[in-house]
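> Okay, here's what each chain looks like letter by letter:
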Amino acid sequence: MNSKEKIDVDIEAYLKEHENKDMLRFLTCGSVDDGKSTLIGRMLYDSKMIFEDQLAAAESESRKYGTTGEKIDMALLVDGLQSEREQGITIDVAYRFFATEKRKYIIADTPGHEQYTRNMVTGASTADVAIILIDARKGILTQTRRHSFIVNLLGIEHVIVAINKMDLVDFDQEVFEKIRGEYDKLASELGIPHVYYIPMSALEGDNVVERSERTPWYEGPALLELLDTMDISREETPENFRLPVQYVNRPHLNFRGFCGTIASGSVKVGDEITVLPSGKTTRVKGIINAGDVTEANREPYAEEAYAPMAVTLMTEDEIDISRGDMLVHTHNVPRVSNQLKVMVVWMDESPMEVGREYDFKRATTVISGHIDRINYRVDVNTYERMEVDHLELNDIASCRLTLTGPIAADAYKQNRATGGFIIIDRITNNTVGAGMIVDVASREGERFEPTPREYTEAEKALNEYIRIHFPEWGCKPC
Amino acid sequence: MIDKKRLTHLKQLEAESIHILREVAAEFTNPVMMYSIGKDSSVMLHLAMKAFAPGKVPFPLLHVDTKWKFKEMIEFRDRRAKELGFDLVVHSNPRGEEMDINPFVHGSKVHTDIMKTEGLKQALNAGGYDAVIGGARRDEEKSRAKERIFSFRDKHHRWDPKNQRPELWNIYNTRIHKGESVRVFPISNWTELDVWQYIYLEQIPIPSLYFAKERPVVEYEGTKIMVDDDRMPEELRKKAKMEKVRFRTLGCYPLTGAINSDAETLPEIIREMLLSTSSEREGRLIDKDQEGSMELKKIEGYF
Chain A
0 MNSKEKIDVD IEAYLKEHEN KDMLRFLTCG SVDDGKSTLI GRMLYDSKMI
50 FEDQLAAAES ESRKYGTTGE KIDMALLVDG LQSEREQGIT IDVAYRFFAT
100 EKRKYIIADT PGHEQYTRNM VTGASTADVA IILIDARKGI LTQTRRHSFI
150 VNLLGIEHVI VAINKMDLVD FDQEVFEKIR GEYDKLASEL GIPHVYYIPM
200 SALEGDNVVE RSERTPWYEG PALLELLDTM DISREETPEN FRLPVQYVNR
250 PHLNFRGFCG TIASGSVKVG DEITVLPSGK TTRVKGIINA GDVTEANREP
300 YAEEAYAPMA VTLMTEDEID ISRGDMLVHT HNVPRVSNQL KVMVVWMDES
350 PMEVGREYDF KRATTVISGH IDRINYRVDV NTYERMEVDH LELNDIASCR
400 LTLTGPIAAD AYKQNRATGG FIIIDRITNN TVGAGMIVDV ASREGERFEP
450 TPREYTEAEK ALNEYIRIHF PEWGCKPC
Chain B
0 MIDKKRLTHL KQLEAESIHI LREVAAEFTN PVMMYSIGKD SSVMLHLAMK
50 AFAPGKVPFP LLHVDTKWKF KEMIEFRDRR AKELGFDLVV HSNPRGEEMD
100 INPFVHGSKV HTDIMKTEGL KQALNAGGYD AVIGGARRDE EKSRAKERIF
150 SFRDKHHRWD PKNQRPELWN IYNTRIHKGE SVRVFPISNW TELDVWQYIY
200 LEQIPIPSLY FAKERPVVEY EGTKIMVDDD RMPEELRKKA KMEKVRFRTL
250 GCYPLTGAIN SDAETLPEII REMLLSTSSE REGRLIDKDQ EGSMELKKIE
300 GYF
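As given, the protein sequences belong to chains A and B, one line each in that order.
Residues 0 to 477 in numbering that gives the first Met the number 0 are what the first sequence lists, from first letter to last.
Residues 0 to 302 in numbering that gives the first Met the number 0 are what the second sequence lists, from first letter to last.
Some clues are possibly wrong.
Said to hold, decoys possible - Coverage of chain B stretches by chain A, computed from C-beta distances (three or more under 8 Å per stretch; other residues unrestricted):
| id | stretch |
| --- | --- |
| 1 | 156–169 |
| 2 | 192–206 |
| 3 | 263–271 |
If you are wondering where the hints come from, they were derived from the structure by calculation, not from laboratory data.
Idealized CB from N, CA, C, for every residue including glycine.
All chains should be modelled from the sequences, with the hints used to inform the complete structure.
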């Protein structure tokens, strides 16, 4: 029985099944030319998330703005704002939704051009999986390297490489294998843990929802099948309980609860916890999982809770805990520091200045500080490191951050929910950048580390000549 | 050790929305929650009740009454306010009341501009709210798909779609200057199906207008509308017929299209929704004015 019949015949059984669906957030990387909007339109259309009236609207718009002639332009089903439709590009981050029997999906749809790096970073920040589109005719391009870098930087562990427009290369297996081989190298260079490859034609629907008969040599799943079945749970060892305190709930004298969303790990009644950065300890006296609250029972106590539940915690002792503090297990305390090594993505038109005061918001902590040194900037296309003295829009750089007070510092690679922060301009109030904690900064700090360079024989000879004949120049051997 | 299963999608969405509501209560000095009495508002109210339990919801609810809402909506609103014990602020545009704005006479655009958009701005200015929580969802309409969860508004309540703040992870920038405000959409990532499923699971009360019943309806500007009072022109009222209908969205009765339906229970509503071929907003006359009209209305300050 397909789902439509199931809905028709026994809706209550259908609802029961769908109560236990999982959720997966993914990001699509590519440009209009790669067929990104077409792919998204196809997924929404084939999973029945496009209604007839929207389709009719897209048909009328296709005649006005479309690029596909007689056919409905799938891209117009998803390209949102009027101004963008006229330009035929997606310029911001748009979120789309569809569901299958197994999962609810949230797509972050972002533009692929370099000038929109900040939008892609934004979309990547909440995604579990990235789909990187590659035009089979063109292979790996500069933008593929850029997208892969950003995806990896933002800690996405699962990358699906959709080798698209296979219809234009006669579904040739060799083309697919060649691109796969090249991307494998790129993925291992970056250290992306899980990579999947699918030969596809988004326009014709091959291997999007169903496996295509035109790729008999491909034994893997179609895209939706893969999304439905992939395991995206992150392995966490040891388990790190982190609860950033968001709100103190004090409705009457006998109740004081600390509200927040568990960022990682789990907590039980009786657990010994430490408040950071103060370092005071106490025990968990009670837990309310907000999800369990009903109109009739506003105080349903739970024995334990885990991420990403929104909870209220009561403590044994009346110690000082306020918004911005982090509650952790006493036996598993992260490092606390005001000097951090971070990766920064600059998102504002006006450049980032070293030494200037900004506000930093990490989980529920807001604290001022400044970047006191840019270690190096990374070119997102070539991965080369460069020495710079300020950051422009879309620049990505390793920096040393000094805050006006200490915070509990988890590395972003270990903990996405507590390792990321945004940078706020204190005058304009704009979000001007985002950052990821790499480590607590060592006392001596990092210096600019240029990309190791291969020297030619002539350069080596010249270097030797100078060192012998002009020692006063202080030239180092290469 | 506790079972490390992942939360279901509805529990994840619920936790995300509660996080957003708590963030508003913690970071703004004078927030308000828009209450439109519809199903999305009912879900938001339920989430707010959960977020701050066992305490009270720490912000008032605001209803902009256009004076043309279904009678039942108003009864439902007042009953729920009493049951849950929340502070309710009701505002109607006095200028519109003076002009006796009538959608049958002045048309939907003038009515919406004055009673809804202008009324909303007046209420927001009068309340001096720095955060306004709304129930819009990103799946409703294309321009909403791009809007942030914390969506900045200048001092004229205008949205600038090309100049939105980047929004990463679940870290929200709540900074504003005096006079500016932020619209916050806690159920941005919910779909219509999620909302219905959640109402069903959590048994959240909603107005009975959502359920099919014999009601007097008449064709008006290509849509079926219900005769809710005698302000409807007599020549229309004369043509009214009893039909079994329900509403997929609730608003001003002259602007809200009814659909023929037999769905009398929540599962039947969900069944009908899943099998239907037209989107939720089709029943709302206001979107049809012109292509991209919601985008224009939002820029002007309409939610």
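> Does each hint hold? Answer for all of them.
Consistency of the hints with the structure:
1. Counting residues of the stretch 156–169 of chain B whose CB falls under 8 Å from any CB of chain A gives 9; the rule of at least 3 is met.
2. With 6 residues carrying a beta carbon less than 8 Å from a beta carbon of chain A, the stretch 192–206 of chain B meets the three-residue requirement, and the given coverage holds.
3. Closer than 8 Å: that is the beta-carbon criterion, and the stretch 263–271 of chain B has 4 residues meeting it against chain A, so the requirement of 3 holds.
The structure shown violates none of the earlier numbered hints.
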